[in-house]
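Colleague: Please arrange chain W on chain A, whose structure you already have, making use of the hints.
Each chain, letter by letter, is given below.
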Amino acid sequence: MDTIKNYVESVFVNLPRTSEMQQLKEDMLTNMEDKYLQLKADGISENEAIGTVLSEFGNIDEIIEEYNLESDAEQVDNYSVQLSETQVEDFMQHRTKFGIAIATGVSLCILSPAMMLTFREIASLVTDSSSTMDRIDLLSVIPLFLFIAIAVGIFIVFGLKEEQYNLDKKVVLIDSATRAHLDREMKEFKPGFAKAIASGVILCILAPISLLLAIVLLGDDNAWSVIFLLGFIAVGVFLFVFYGILYSTYEKLLSLGDYTPEKVIASKLIDTIAGVVFPLATAIYLIAGFVYDAWGTAWIIFPITGILFAAFSSLYQSIIKTKRKN
Amino acid sequence: MISSDVMRGFNSLILLSILMKEDSYGYQISNTIKVLTDGKYIMKETTLYSAFNRLEKSELIESYSSTETNGKPRTYYRITDLGRQTYHEKVSEWLDTKNIISQFIEEE
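Line by line, the protein sequences give chains A and W.
Just so we're aligned: 243 in our numbering is position 243 of the first sequence, and the numbers increase by one with no gaps anywhere.
If you count the second sequence from 1, you need to add 326 to reach our numbering.
Calculated from the structure, these hints are not laboratory results.
Backbone N, C-alpha and C define an ideal beta-carbon position, used for all residues, glycine too.
Careful: at least some of the hints might be erroneous.
Unchecked claim - Quick list of in silico lysine-lysine cross-link-like pairs, DSSO-like style, CA-CA up to 30 Å:
#1 A:Lys170 <-> A:Lys187
#2 A:Lys40 <-> W:Lys416
#3 W:Lys398 <-> A:Lys40
#4 A:Lys25 <-> W:Lys366
#5 A:Lys5 <-> W:Lys360
#6 W:Lys370 <-> W:Lys424
#7 A:Lys25 <-> W:Lys383
#8 A:Lys5 <-> W:Lys370
#9 W:Lys424 <-> A:Lys25
#10 W:Lys383 <-> A:Lys40
#11 A:Lys25 <-> W:Lys347
#12 A:Lys40 <-> W:Lys360
#13 A:Lys97 <-> A:Lys263
#14 A:Lys323 <-> W:Lys347
#15 A:Lys170 <-> A:Lys323
#16 A:Lys40 <-> A:Lys170
#17 W:Lys398 <-> A:Lys25
#18 W:Lys360 <-> A:Lys25
#19 A:Lys25 <-> A:Lys97
#20 A:Lys5 <-> W:Lys424
#21 W:Lys383 <-> A:Lys5
#22 A:Lys323 <-> W:Lys383
#23 A:Lys268 <-> A:Lys321
#24 A:Lys169 <-> A:Lys187
#25 A:Lys321 <-> W:Lys383
#26 A:Lys40 <-> W:Lys424
Stated by the list, open to error - Taking CB as the label site, the calculated pair distances span:
#27 W:Arg334 <-> A:Gln23: 22 to 32 Å
#28 W:Tyr390 <-> A:Arg324: 38 to 48 Å
#29 W:Tyr390 <-> A:Ser248: 38 to 48 Å
Said to hold, decoys possible - Some chain A residues judged to face chain W by a derived CB distance under 8 Å, without partners named:
#30 Asp27
#31 Met28
#32 Thr30
#33 Asn31
#34 Met32
#35 Asp34
#36 Lys35
#37 Leu39
#38 Gly58
#39 Glu62
#40 Glu85
Okay, chain A solo, but in the shape it has when bound (with noise of 0.2 Å):
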């Protein structure tokens, strides 16, 4: 019986949480135990019985398009898109490429000034004279701003790819098989994705370690300390970021954690207020500062408009939620 519940719980988690629907699982549970247990007082084994009571479930679309009849269907269309399953392996396949391009490009940010000074450092082996010293430093620069173009150029050639998709503040619609298919895959995804982070952490925590030990063995006054450093904390970020993007993938095609739909509608007049009101802050501050030379109190604008702006979000997301349930 569990197997049965199971099942229809997870068909009805993307429905709306409303009392309608919720009465409507509950009928369709007891229905469905019925025949369960009539099934089983047939004299049919236990998975036989829940696998004919499984298939004869029938398709949630057919639920959910009765629904929307009723519901306002506009709110569906300017907040919700729809993605079929193969839709949804596309996105998860640009977002695994996304993923590996973002990561790698603020890897390149991080690694680009311990490029620089290895470049230095190459040199200095080679050369003892202090105006070739003088000419390799000016030189050095040029590893570092490639690095910096070459993450640079990923970042909006990715950023574009994103945008095509235009999934942003959006709620993503997807069917019960679907559903049950990505929830597999983030069951599986977790353990690695825990495995990732604790590496992650582990490498930033080694990297003022490799550090120190750089600057005991080589003597305080050499640059391989630091490209040690940054070296340990580029790899570390590169898992904090690729693996983020891959969690966030399955939230947002799931609608859980930042992507529920209380939270992305609520997200756009968030984000439009904070576009406002942050600037306004700002020029409050500079105002009081060079008119009023109050530099010393200004400030206390920005915990007082942080605290304000958390309070109004966090209640404009309860009222939507309470909105959506009736």
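Modeller: Okay, now just chain W, sitting in the frame of chain A:
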């Protein structure tokens, strides 16, 4: 088993005809359909409940909660006067349809 596409237009009629006899609830209704058709037509849960919802919204049936069978709380459905009227209209519509279609089938 008959495809649910073909049966789509008749689901309301089937449910109304069952409720014409007596008030009933989900499992009893789907079981009646299964038994009467000798397992040839099994109405899926989602089809059944979409149909209930449609019929209730158009006031052809009404629901009430009862613990009549085995003491478990169940949603029962009762046909309304409008429902009875609609049933009779649908029956004559079906007889007409059957007549028209069979003209073609017999000509073959």
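Colleague: Please flag the earlier hints that this structure goes against, numbers listed from lowest up.
Modeller: 2, 9, 10, 14, 16, 19, 20, 26, 28, 37 and 40
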